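With the sequences and hints as input, model every part of the structure.
Chains as they are written, first to last, in the working numbering: chain A, 2 to 227; chain B, 2 to 227; chain C, 2 to 227; chain D, 2 to 227.
Note that these hints are calculated values from the structure, not bench results.
Small disclaimer: the values here were computed from a predicted structure and weren't measured.
Treat the hints with caution; some may be incorrect.
Intra- or inter-copy, both count: the list cannot distinguish identical chains.
In the SDA-like style, the derived pairs of lysine to any residue whose C-alpha atoms are separated by at most 25 Å in a straight line are [said to hold, decoys possible]:
{"hint": "1", "residue 1": "K195", "residue 2": "F108"}
{"hint": "2", "residue 1": "K195", "residue 2": "N83"}
{"hint": "3", "residue 1": "K195", "residue 2": "E215"}
{"hint": "4", "residue 1": "K195", "residue 2": "E105"}
Each chain, written out:
Protein chains: 4
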Amino acid sequence: MSAPSYGRAFALMREAAGEAWGAYTRHAFVEGLRDGSLPRDAFLHYLRQDYVFLIHFSRAWALAVVKSETHAEMLAAVATVNALVAEEMQLHVGICAAAGISQEELFATDERSENLAYTRFVLEAGYSGDLLDLLAALAPCVMGYGEIGTRLTSERTSDVYADWMNTYGGEGYQGDCAAVGQLLDNALERRLGKDFENSPRFATLCDKFRKATELEVNFWQMGLTP
Amino acid sequence: MSAPSYGRAFALMREAAGEAWGAYTRHAFVEGLRDGSLPRDAFLHYLRQDYVFLIHFSRAWALAVVKSETHAEMLAAVATVNALVAEEMQLHVGICAAAGISQEELFATDERSENLAYTRFVLEAGYSGDLLDLLAALAPCVMGYGEIGTRLTSERTSDVYADWMNTYGGEGYQGDCAAVGQLLDNALERRLGKDFENSPRFATLCDKFRKATELEVNFWQMGLTP
Amino acid sequence: MSAPSYGRAFALMREAAGEAWGAYTRHAFVEGLRDGSLPRDAFLHYLRQDYVFLIHFSRAWALAVVKSETHAEMLAAVATVNALVAEEMQLHVGICAAAGISQEELFATDERSENLAYTRFVLEAGYSGDLLDLLAALAPCVMGYGEIGTRLTSERTSDVYADWMNTYGGEGYQGDCAAVGQLLDNALERRLGKDFENSPRFATLCDKFRKATELEVNFWQMGLTP
Amino acid sequence: MSAPSYGRAFALMREAAGEAWGAYTRHAFVEGLRDGSLPRDAFLHYLRQDYVFLIHFSRAWALAVVKSETHAEMLAAVATVNALVAEEMQLHVGICAAAGISQEELFATDERSENLAYTRFVLEAGYSGDLLDLLAALAPCVMGYGEIGTRLTSERTSDVYADWMNTYGGEGYQGDCAAVGQLLDNALERRLGKDFENSPRFATLCDKFRKATELEVNFWQMGLTP
Chain A
2 MSAPSYGRAF
12 ALMREAAGEA
22 WGAYTRHAFV
32 EGLRDGSLPR
42 DAFLHYLRQD
52 YVFLIHFSRA
62 WALAVVKSET
72 HAEMLAAVAT
82 VNALVAEEMQ
92 LHVGICAAAG
102 ISQEELFATD
112 ERSENLAYTR
122 FVLEAGYSGD
132 LLDLLAALAP
142 CVMGYGEIGT
152 RLTSERTSDV
162 YADWMNTYGG
172 EGYQGDCAAV
182 GQLLDNALER
192 RLGKDFENSP
202 RFATLCDKFR
212 KATELEVNFW
222 QMGLTP
Chain B
2 MSAPSYGRAF
12 ALMREAAGEA
22 WGAYTRHAFV
32 EGLRDGSLPR
42 DAFLHYLRQD
52 YVFLIHFSRA
62 WALAVVKSET
72 HAEMLAAVAT
82 VNALVAEEMQ
92 LHVGICAAAG
102 ISQEELFATD
112 ERSENLAYTR
122 FVLEAGYSGD
132 LLDLLAALAP
142 CVMGYGEIGT
152 RLTSERTSDV
162 YADWMNTYGG
172 EGYQGDCAAV
182 GQLLDNALER
192 RLGKDFENSP
202 RFATLCDKFR
212 KATELEVNFW
222 QMGLTP
Chain C
2 MSAPSYGRAF
12 ALMREAAGEA
22 WGAYTRHAFV
32 EGLRDGSLPR
42 DAFLHYLRQD
52 YVFLIHFSRA
62 WALAVVKSET
72 HAEMLAAVAT
82 VNALVAEEMQ
92 LHVGICAAAG
102 ISQEELFATD
112 ERSENLAYTR
122 FVLEAGYSGD
132 LLDLLAALAP
142 CVMGYGEIGT
152 RLTSERTSDV
162 YADWMNTYGG
172 EGYQGDCAAV
182 GQLLDNALER
192 RLGKDFENSP
202 RFATLCDKFR
212 KATELEVNFW
222 QMGLTP
Chain D
2 MSAPSYGRAF
12 ALMREAAGEA
22 WGAYTRHAFV
32 EGLRDGSLPR
42 DAFLHYLRQD
52 YVFLIHFSRA
62 WALAVVKSET
72 HAEMLAAVAT
82 VNALVAEEMQ
92 LHVGICAAAG
102 ISQEELFATD
112 ERSENLAYTR
122 FVLEAGYSGD
132 LLDLLAALAP
142 CVMGYGEIGT
152 RLTSERTSDV
162 YADWMNTYGG
172 EGYQGDCAAV
182 GQLLDNALER
192 RLGKDFENSP
202 RFATLCDKFR
212 KATELEVNFW
222 QMGLTP
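Below is the structure:
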């Protein structure tokens, strides 16, 4: 599959991630969503862990506001924090409620180490580096879900997980991916120039992107083992 | 003047700030707003510096999202970031535009050292400490403006700066002050207990509050010297 | 085994960590060091990962210098950074060199996710919290190794891993543990008072200590699977 | 005066700082040290403020350890922390003691806002950016004192402040400046390539260097007004 239109830097980083990208976006968990074979238990377990994930992921996007250098960067990052806190987290609350998992139970979910590893990696990359390091570590989650959502919307053979697929394959989320891709491209050009991929810095950012991608693979794997 | 109803911690910290609090909330700049004697040049100079201030102040509130430990803390901090970025900063853009200062000119304002000192103090307190340190450094600005707005709304003898006074004395901003006061009280109780004022930690927080108050005094003074 | 004399806070946090503490300090990897049954391959694999660990652990101790509030806290943290960078990391270089692993090969070690999870958790806890959060997350590694070293020095039935046991059971390292325990006790008393264990804050710190302990268990487990 | 041999990046940044560099390195306070006309009161007042400055400056250098990406960067930053904490701060303690200012009195020095503005600017630049942002903000103090020390050693017309001039003009300190210059050059090349001055990023770093230089001017000015 060719890269979705989420900008130039994303396409380059995705390419540089090599096999890890496919291991993430075509993981057995994803295929189970596609054909409906994923056990409900695994899905709900994943949703609960993902809720804890989104708390820390929202914190990381708030850190992107702190690390912004222009008004446009601030506005783009604030918009993402709002989308995460106000919308995506509510989706999880809704699906869990429908499955008989109360909000209290959801909040009390014990964080698995595969989950913790990922968000702490992203946050630490952001704290220790600048906005570019942070965005490179944030991108695989945002855009990988967009790519998966798009593919599953057209390739799905079951409606069991239609809500999930429609969310990430839908216009709203696809627009978010394009906006984050634009933020990433602009931030890179502003700091490293139009030919940012020729800066040694870019290789380090690709390493962060790949590492985050590998941690996504671990996250799906955790989803399969409630 | 007794403390406005912005919560228990604010009242205690305000008291502990001693004379600095009055030097801030009854500064000559403030009295010039009240009776309309403040030169227009000084006001516009202040507004432009305050715009730069709000950029970094919004970043500091975004840091409060990152440093939150509960969902309620996150939501309260996100709401404040939105209020600052979407509303308060637009107010400045509007008044400046009406005075013939373009948005480009506003964005290009050269940051004065009295301005820089304040926001970097707040951000560094937040980075180096936890949410409590950050909130203690953020509080004097939020609540001092609320107290000034309330007083000036009733004591003003001129309508020259009515827009400014109505903004900070109005229901919307007063509600923000109460919400931040609640956030501060709750954050303290959660970490230090109901009798938080007896923790040695509280004295350190009062020091941060007082230092930020002193930096507010410097900021007004800068306002008088375009 | 009763708690070693590394201070009051350590004893309380160790107790609060419950079974996780034993799972860490009496892990199969540790028993393999004690009776010499640990395969050499596993030991060298562990050493290489531990070298990468120490790089990030030193960074975390440097963050403790940044987050210090007194001169005494700074000096204690600087001393630990020096001990880590100048001594403990050299120990690894030496043992690896003797085993035919060059410094270049050591530096190029690919970081395992169990390793990454631990150090990023510690660094993020430090960045997002204050010195207490950071010290609570740092303590299990420092003091757990001290406790293991002491026990193994007296209970060992083999000299295969004598160098390792003598290092952590020796006077130098035991002194470091006592110094860190003192730093932790003093930092707690300064911020939360003599009866710091009664502050709600202390429960949160115990959570961080326990989580770091669980990540140590994962680290040993990784050591068994080169 | 041509730039001292503290590396390529320093020479470029110093040039880009324009008149601010001369305003800093040839400030009236500096000339007062050179010809001995600086009142003793002002010198002691400066020394006490500089002691507080060095506490936060050491914290900023410790942050450089946290933000290092290679072993060599870590070692260079650790060496500077040690030089600051173990040596430079002791120099101040010694001179103050000889002048009848006890260590307790020195520790209790009330931080002036010109002082606070500078260190918080540096620390915040470091927290919000990466190692390059931090080094660009740290460089003017380290290297400016080196340049001043060298010039005064040859141009001085009085021995009143010989101790101070010999310290910063001496081999030890000059070696520190060269080492920091090397660290800066290497860090830039590693991240932005050999022609780092052509990266848009370099202009931002020059801005940080110039701002820190301006804050040095304010610091000297503060020194003249005990």
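Here's how the hints hold up against the structure:
| no. | hint | in the structure |
| --- | --- | --- |
| 1 | K195 / F108 | between (44 Å within a copy, 24 Å between copies) |
| 2 | K195 / N83 | neither (30 Å within a copy, 32 Å between copies) |
| 3 | K195 / E215 | neither (28 Å within a copy, 31 Å between copies) |
| 4 | K195 / E105 | between (48 Å within a copy, 24 Å between copies) |
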